[in-house]
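Trainee: Using the sequences and the hints, build the whole thing.
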Amino acid sequence: MAIAGLGSCPDRPPEGNTPVFTYRVVARYPHDAEAFTQGLVFADGVLYESTGLYGRSSLRRVELETGAVLDSRALPRDLFGEGLTLF
2 MAIAGLGSCP DRPPEGNTPV FTYRVVARYP HDAEAFTQGL VFADGVLYES TGLYGRSSLR
62 RVELETGAVL DSRALPRDLF GEGLTLF
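Under this note's numbering, the first residue of the sequence shown carries the number 2, and numbering increases by one thereafter.
Calculated from the structure, these hints are not laboratory results.
Only true hints are included.
Okay, the calculated beta carbon distance ranges per label pair:
id: 1; residue 1: F81; residue 2: V26; range: 28 to 34 Å
id: 2; residue 1: L54; residue 2: T86; range: 18 to 24 Å
id: 3; residue 1: T19; residue 2: T86; range: 25 to 31 Å
id: 4; residue 1: V21; residue 2: A69; range: 33 to 39 Å
id: 5; residue 1: P20; residue 2: L41; range: 23 to 29 Å
id: 6; residue 1: L71; residue 2: V21; range: 37 to 43 Å
Positions of the beta carbon are idealized from the N, C-alpha and C atoms, including for glycine.
Mentor: Structure follows, in structure tokens:
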């Protein structure tokens, strides 16, 4: 049924209805290139980051300007860290 329904879908999106956004890099900051970042929040002047991968997941507080890890907590090896939020 899904395959039959796909035949009636247009090949491309309707013109003029898809917004196009641009970006401009305004600053660059150092960061641990080995971190498999899953969640990132900037609050109170520091980055809060969650990283993923089984056996390597962690929660971190990171200094924005230097990339230095101010505090870190490893997750249990059998957990894969995902997103992050502060409340």
